[in-house]
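Produce the entire structure from the sequences given, and follow the hints as far as they go.
Here is what each chain is made of, one letter per residue.
Protein chains: 2
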Amino acid sequence: MRQSQLFTKTRREAPKDEVAKNAQLLIRAGYIYKEMAGVYAYLPLGLRVLNKIIGVIREEMNAIGGQEVTLTALQQKETWEPTDQWDDAKVDVWFKTQLKNGTELGLSVTHEAALTKLMKDFISSYRNLPAYVYQFQTKFRNEVRAKSGIMRSREFIMKDLYSFSKNPAEHEAFYEKAKQAYVRIFDRLGLGGTTYLTFASGGMFSKFSHEFQTVTDAGEDLIYVHEGKRIAVNKEVLNDEVLKELGVKREELVEKKAVEVGNIFSLGTRFSDALGLTYKDAEGKPQATVMGSYGIGPGRVMGTIVETRSDDKGIIWPESIAPFAVHLIALFDEQGTVKKAADDLYEKLTKQGIEVLYDDRDAGAGEKFGDSDLIGIPKRYIVSEKTLAKGEIEVKDRLTGKVEMIAFL
Amino acid sequence: MRQSQLFTKTRREAPKDEVAKNAQLLIRAGYIYKEMAGVYAYLPLGLRVLNKIIGVIREEMNAIGGQEVTLTALQQKETWEPTDQWDDAKVDVWFKTQLKNGTELGLSVTHEAALTKLMKDFISSYRNLPAYVYQFQTKFRNEVRAKSGIMRSREFIMKDLYSFSKNPAEHEAFYEKAKQAYVRIFDRLGLGGTTYLTFASGGMFSKFSHEFQTVTDAGEDLIYVHEGKRIAVNKEVLNDEVLKELGVKREELVEKKAVEVGNIFSLGTRFSDALGLTYKDAEGKPQATVMGSYGIGPGRVMGTIVETRSDDKGIIWPESIAPFAVHLIALFDEQGTVKKAADDLYEKLTKQGIEVLYDDRDAGAGEKFGDSDLIGIPKRYIVSEKTLAKGEIEVKDRLTGKVEMIAFL
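Taken in sequence, the protein lines are chains A and B. Under the numbering used here, the final residue of the first sequence carries the number 410; numbering is consecutive throughout. Under the numbering used here, the final residue of the second sequence carries the number 410; numbering is consecutive throughout.
If you're looking for bench data, these hints aren't it; they were derived computationally from the structure. Quick reminder that beta carbons are idealized off the backbone N, C-alpha and C, glycines included. Please note: incorrect hints may appear among the correct ones.
No farther apart than 25 angstroms at their CA atoms in a straight line, the calculated lysine-lysine pairs in the PhoX-like style are these [stated by the list, open to error]:
#1 Lys91/A - Lys101/B
#2 Lys349/B - Lys53/B
#3 Lys281/B - Lys341/B
#4 Lys17/B - Lys121/A
#5 Lys78/A - Lys17/B
Computed footprint of chain A on chain B, listed as stretches where at least three residues anywhere in the stretch have a Cβ under 8 angstroms from a Cβ of chain A [to be verified]:
#6 166 to 172
#7 209 to 223
#8 301 to 307
Here's what the structure looks like:
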């Protein structure tokens with residue numbers, strides 16, 4: 002894309018009321034726009050990144066047998082009452098609204114109950130199980146405070162997958178597959194090195210649930226990391242019994258601030274019992290369906306990447322989700338020679354299928370380099386009178402700062 | 002995809018309270034799920050169709066210079082008051098809600114005002130114009146009645162593009178391009194033959210706006226079609242002056258029921274004046290930005306296609322947006338010969354990049370054919386003992402019913 006055509010511009014300052022680094026950088030670089038506290042629009046560059054994150058997650062969900070749907074934001078009281086989740090005192094982040102006839106509705110905060118109800122139309126026999134259903138869908142959460150940028154929003158896209166299994170053993174086998182898929186996802190998103198499989202309380206139906214926690218000072222959680230085993234425990238399960246079971250000693254653990262970028266947990270039969278999702282086994286006997294829940298917030302992941310991969314000049318995207326692979330910067334001369342060469346190079350790279358943001362604006366080198374550092378595309382190609390004289394392109398790596406000259410393509 | 006893995010099943014009956022043909026067929030075939038009146042979830046087959054419709058629209062919007070964003074559903078009063086659109090008496094389809102601190106919020110019914118406000122961050126000079134910005138985003142409309150299935154929903158995805166131009170001439174040139182893009186979109190979606198460019202009232206800033214109306218008995222609008230010119234006028238502009246201007250005679254017009262699948266209109270400076278979106282011209286003088294609005298509802302389009310392309314057996318998708326290109330149906334024999342041949346064929350077709358739904362279920366021919374007619378994939382490949390004996394595949398066209406035998410691949 003030609004940067005002269007991009008309608009967004011960088012800005013020197015973020016809004017004064019924006020305290021989160023991720024939102025400050027993303028707003029300054031033109032990735033997102035703050036509609037109100039905790040509510041952000043995604044601009045062209047931001048939507049490209051968000052969609053790439055979604056693409057990685059989708060591939061991994063499809064690879065473990067997930068089938069994609071889109072459920073609805075508008076939710077009826079009847080769906081949520083059987084699991085005692087309608088009352089604002091029990092679920093304290095509801096946005097409620099109503100139909101013209103006064104019927105009260107809620108905006109989805111999650112979808113376990115809604116999907117369980119839906120699946121009653123399709124699951125009646127053991128032959129219909131297992132089933133793995135997921136979506137990328139907008140959740141609404143009426144957070145009292147929303148000061149963490151896109152890491153904690155009042156309106157955000159969530160990938161939520163729910164598993165429906167015949168029995169605990171079938172559930173556990175899928176749960177393990179999902180856990181491995183999550184490890185692959187965070188590796189591919191450039192968060193592998195800083196993200197820990199974290200043991201958390203399992204609730205009624207299993208000993209543990211699992212969080213994926215990325216270490217960052219911007220995190221709202223405290224975790225206790227065992228670097229040797231690449232695992233962590235959260236506060237609620239930091240006790241002698243759990244430490245013994247995990248084979249780690251208290252003195253080996255290091256307390257770190259972290260943000261929960263994903264979580265997986267066993268729901269057991271809580272939702273299927275409450276909403277009546279049973280199936281008939283091979284003998285015709287009714288059985289409860291065993292469920293699990295598997296969440297990742299692509300926006301939160303994007304915010305976390307900015308928090309953990311940025312410097313005082315701006316963002317440093319990993320290649321897998323950068324809005325463009327190459328930032329081509331032309332430092333124009335008066336004769337138009339550089340412009341012509343850079344135009345040609347842009348066409349050539351684009352034809353090769355390389356995603357290029359081409360800074361073809363009438364602007365000085367300082368502005369172009371500053372904007373490029375802020376926007377954070379992994380590779381910068383610089384074409385100038387000087388590089389052209391040698392028949393070369395200067396290539397700079399945004400992460401390492403390493404510069405090398407390559408032959409003009 | 003193997004149909005034995007697909008978690009949805011067809012059903013004989015639609016919900017009793019569902020009166021719209023599009024929703025009846027889409028629910029029976031497993032494309033959508035009715036959460037409540039006017040609120041539908043998209044199941045795997047339905048999401049495939051919806052995403053293909055979105056893909057076609059996106060290509061055409063990018064081709065005319067559109068840049069994609071995603072704005073937010075949660076909206077503040079302050080954004081809507083300057084254009085007098087906050088009051089429920091003025092805009093009667095609001096869903097309102099509130100933050101924990103009591104601040105009133107609305108759920109987006111449209112985005113002219115929100116985007117105009119956003120663009121103030123990016124438009125200050127004539128150099129920043131024109132700009133064309135669009136999104137596929139969920140709208141909420143608190144309709145009193147919602148009986149038209151996915152043709153009129155309370156929660157639905159809308160493609161809305163807004164144009165920002167320096168002056169009326171620049172606006173008109175883009176408006177014309179957008180009109181042509183819409184013609185291409187409906188052609189590609191299989192609605193070309195039944196969709197009419199329909200002249201409607203232009204409001205304050207232009208003589209006409211333009212609706213794209215598809216003729217169907219399920220439509221809520223009445224239009225007056227001139228078949229020779231492939232245009233129509235709606236009721237509000239059916240007068241002698243307009244007929245003269247369009248060069249048509251009243252007696253040449255035929256009244257038809259139709260549904261509005263798209264609309265484009267000039268907003269003039271209504272929003273930019275009210276919200277203060279001005280730019281400085283080459284002389285440094287402030288000027289008002291001229292705007293236009295261009296909408297299509299992909300879900301409404303999908304519903305309209307079902308209304309206009311279905312028979313008593315089910316849906317008949319056009320190739321461009323069918324969930325799969327081929328429905329491969331294997332009529333198993335006891336020896337497993339057909340299964341093996343069909344498995345191989347499925348692998349082969351899939352490797353060639355052909356999207357195949359493979360009915361590999363243990364079910365009889367009647368059930369498989371009935372489901373296939375209902376689901377409505379354009380080409381049906383049948384493999385049975387009989388066809389294998391001849392080294393052939395029976396290919397049936399869902400639209401024409403024409404059957405031909407081709408050599409086994």
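Going down the list of hints, with the structure as the test:
1. Lys91/A - Lys101/B: Judged against 25 angstroms, a Cα distance of about 15 angstroms means the pair holds.
2. Lys349/B - Lys53/B: holds (23 angstroms)
3. Lys281/B - Lys341/B: violated (71 angstroms)
4. Lys17/B - Lys121/A: Given pair lysine 17/B, lysine 121/A holds - Cα atoms ~17 angstroms apart, limit 25 angstroms.
5. Lys78/A - Lys17/B: This hinted pair holds, its Cα atoms lying about 21 angstroms apart.
6. 166 to 172: violated (count 0)
7. 209 to 223: violated (count 0)
8. 301 to 307: violated (count 0)
The earlier numbered hints that this structure contradicts are 3, 6, 7, 8.
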